[in-house]
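A.B. asks: Spelled out from the first residue to the last, the chains are:
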Amino acid sequence: MLGSLQENPKATSYDGRDDDERIKYVIRKSALLTIPWLAATAILFVLPLLVPFVFSFLPEGSPVLLDAGSVLIVTVLWYLFSFGFFLQNACGWFFNILIITNKKIVDIDFTGFLYKNISETTLNNIEDVTSNVSGAFGVAFNIGSLFIQTAAEKREFEFHGVEDPSRIRDVLSDLVAKVKHYGNNA
Amino acid sequence: METMPNLENLLPEAGIIAITDVVVFIFVALYTVFSFLLMKQIKLMNKSFSTPLGGVFTFFGRLHFFAALILLLAALLNL
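The listed protein sequences correspond, in order, to chains A and B. The numbering of the first sequence is my numbering, which starts it at 22 and goes up by one. The numbering of the second sequence is my numbering, which starts it at 8 and goes up by one.
If you're looking for bench data, these hints aren't it; they were derived computationally from the structure. There may be inaccurate statements among the hints.
Unchecked claim - Here are the simulated distance ranges between beta carbons: (1) B:L86 x A:T132: 33 to 43 Å; (2) A:E174 x B:L76: 41 to 51 Å; (3) A:V85 x B:V63: 34 to 44 Å; (4) A:S83 x B:V63: 39 to 49 Å; (5) B:L44 x A:N145: 33 to 43 Å; (6) B:L60 x A:D130: 10 to 20 Å; (7) A:E179 x B:T27: 45 to 55 Å.
Stated by the list, open to error - Computed, partial: chain A to chain B, Cβ under 10 Å: (8) A32; (9) G37; (10) L53; (11) I56; (12) F115.
Small disclaimer: the values here were computed from a predicted structure and weren't measured. Note that beta-carbon positions come from the ideal geometry of N, C-alpha and C, so glycine has one too.
Just chain A, same shape as in the assembly (with noise of 0.2 Å):
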């Protein structure tokens, strides 16, 4: 459920789809990406011990800045933001993906609270498809981006981040080339 590319998953739709449509494939980055960001919420989490060995350097007698109602509020506030942080970029993870249907393509874009990008063109409109591996870590990963080239009024829908672009590739040709030659119900 967790992988870069989920095959016929259950109990899954999205908002626009047709009842004769199936969802065939989900498309999402590579788990490997979230490790910055993990290790960043750790980091937060951590941060906070350190916090008595930092006041021991101040001199004695230093102006007291904080009652022990706000050291408390302020403590439970840096928990609570940590833990926003790993729920907004978890969010991020989980639904900014690329569904594969019987019949189309749809991208769905989250970036931040104030943008949501929502880009789907028919499986006969796709031209092409390329995948791209590059970079060190791409290499020893084999973590690239998938460029699908449309006839639609949106020429190309780019996906980066994704485990194993060149099957993903692979399988949304043979996918366009099945629907091209005996239609939707390939």
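Dock chain B against the given chain A, drawing on the hints supplied.
C.D. replies: Frame of chain A, contents of chain B only:
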């Protein structure tokens, strides 16, 4: 020789604490708005793409917002 005035000379300690309490309250209030927006964003994400795991995100989004709300109340009482 003139000495530099420090915070303690300008304001009594109780005054400093009152100011920091207000600052803490403002931060908590801003954070509550953030948590509300996050909860709404999760709802929107679930509407756009529904999956069995969507309920988990909704639960934690709500939990996060209500925790922020309780903290806001605590910060208000601390003023």
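A.B. asks: A separate judgement is required for each hint: does it hold in the structure or not?
C.D. replies: How the hints compare with the structure:
In this structure, L86 (chain B) and T132 (chain A) meet the distance hint of 33 to 43 Å, their C-beta atoms being roughly 36 Å apart. Between E174 (chain A) and L76 (chain B), the C-beta spacing of about 44 Å keeps the proposed range 41 to 51 Å intact. Evaluation of the 34 to 44 Å hint for V85 (chain A) and V63 (chain B) yields a pass: the beta carbon distance comes to about 42 Å. Separation of S83 (chain A) from V63 (chain B) is about 45 Å and conforms to the stated range, judged on CB atoms against 39 to 49 Å.
Judged by the Cβ atoms, the range 33 to 43 Å given for L44 (chain B) and N145 (chain A) holds: they are separated by roughly 39 Å. Remark: the range hint 10 to 20 Å for L60 (chain B) to D130 (chain A) is upheld by a beta-carbon distance near 19 Å. The beta-carbon spacing between E179 (chain A) and T27 (chain B), approximately 47 Å, falls within the hinted interval of 45 to 55 Å. A cut of 10 Å between beta carbons decides the hint on A32 (chain A): the least distance to chain B is about 5 Å, and the hint holds.
The interface hint given for G37 (chain A) is met, as the beta carbon of that residue sits about 9 Å from the closest beta carbon of chain B, less than 10 Å. Among the interface hints, the one on L53 (chain A) is violated; its C-beta lies about 19 Å from the nearest C-beta in chain B, farther than the 10 Å criterion. For I56 (chain A), the suggested interface contact is broken, since its CB lies about 20 Å from the closest CB of chain B, more than 10 Å. Taking 10 Å as the C-beta contact cut-off toward chain B, the hint placing F115 (chain A) at the interface holds, the least distance being around 7 Å.
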